[in-house]
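Let the sequences and hints guide you as you build the complete structure.
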Amino acid sequence: MKNIIDNTVEFVKQKLEGAEAGHDWFHIERVWKLSKKIAEDEECNHDVVELSALLHDIADPKFHNGDETLALKVSREFLESQDTPEDVIEQVLFVIKNISFKNRSEVPQNLPIELKIVQDADRIDAIGAIGIGRTFNFGGFKNNLMYHPDIKPQLNMSKDEYKKSNGTTINHFYEKLLLLKDLMNTEKGKKIAEERHDFMLLFLDQFYKEWNVD
3 MKNIIDNTVE
13 FVKQKLEGAE
23 AGHDWFHIER
33 VWKLSKKIAE
43 DEECNHDVVE
53 LSALLHDIAD
63 PKFHNGDETL
73 ALKVSREFLE
83 SQDTPEDVIE
93 QVLFVIKNIS
103 FKNRSEVPQN
113 LPIELKIVQD
123 ADRIDAIGAI
133 GIGRTFNFGG
143 FKNNLMYHPD
153 IKPQLNMSKD
163 EYKKSNGTTI
173 NHFYEKLLLL
183 KDLMNTEKGK
193 KIAEERHDFM
203 LLFLDQFYKE
213 WNVD
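Numbering-wise (the numbering used here), the sequence shown opens with residue 3 and increments by one.
Since the hints were derived computationally from the structure, they do not count as laboratory data. Treat the hints with care, as some may be off.
As the list claims (entries may be wrong) - As a list, the in silico DSS-like pairs of lysine-lysine whose alpha-carbon atoms are at most 25 Å apart:
id, residue 1, residue 2
1, Lys104, Lys35
2, Lys190, Lys99
3, Lys104, Lys118
4, Lys35, Lys4
5, Lys39, Lys99
6, Lys39, Lys183
7, Lys183, Lys118
8, Lys99, Lys15
9, Lys183, Lys38
Structure (structure tokens):
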């Protein structure tokens, strides 16, 4: 399926041209590479892993009025145009539908390893130095405050609350990013996430020191 994967790379690059920098082609490329790295240690369908990683943010609901069906429609149409086997299409669409952090309470039990791999890769790209950069970029994109000492993180938000949240960028660390380490599915994912998690803690320490200048 090398030709399909090569064509998918070109399709995604074109589709995400001009996208918000935290959800652009470079994010997809990092998740794709991380997925392949994690998949080396797992018994899985590597084609499903690669295609899912490449297409997982092809139409992120955040940028399409909350529409969670558009990515599935776009992905199916593209994969069908490449004569992709139907069983592969179904598996890729399952990953796209269930990968999101905000949907974690709605996903079925006994998730396939392909989803676990791509989900780990996507979550790893949300933490560490890259995650910090992406978080502040998106906060700026939404014109959110960086930090406000009187605005506390909203923990245990429902899906709707999470989607509507316009809290501070620093609060997003507590509402999502610092939770991701313990949500990893694979051993390699856990190992990579631990290092990046520790880096975020160091960053937050330094941030508060610089904010609270005596």
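Margin query: Lys39 and Lys183 were given as a pair; does the straight-line alpha-carbon distance stay at or below 25 Å?
Written below: 18 Å, holds
Check: Is the hinted pair Lys99 and Lys15 satisfied, with a Cα-Cα distance of at most 25 Å?
Finding: Holds, at roughly 21 Å.
Check: Is the straight-line distance between the alpha-carbon of Lys190 and that of Lys99 25 Å or less?
Finding: Distance ~23 Å between Lys190 and Lys99 Cα, so the pair holds.
Note to self: Lys35 and Lys4 were given as a pair; does the straight-line alpha-carbon distance stay at or below 25 Å?
What the structure shows: 15 Å, holds
Check: If you draw a straight line from the CA of Lys104 to the CA of Lys35, is it 25 Å or shorter?
Finding: Status holds; Cα separation ~23 Å.
Note to self: Between the alpha carbons of Lys104 and Lys118, is the straight-line distance 25 Å or under?
What the structure shows: 15 Å, holds
Notebook entry, point to check: If you draw a straight line from the CA of Lys183 to the CA of Lys118, is it 25 Å or shorter?
Noted result: Within the cut-off at roughly 14 Å; holds.
Next item on the list: Below or equal to 25 Å on CA atoms is what counts here, so check Lys183 against Lys38.
Entry: 19 Å, holds
Check: Under the criterion that the straight-line Cα-Cα distance not exceed 25 Å, is the pair Lys39, Lys99 satisfied?
Finding: It holds: about 22 Å lies between the C-alpha atoms, which stays within 25 Å.
Hint compliance for this structure: no hint is broken.
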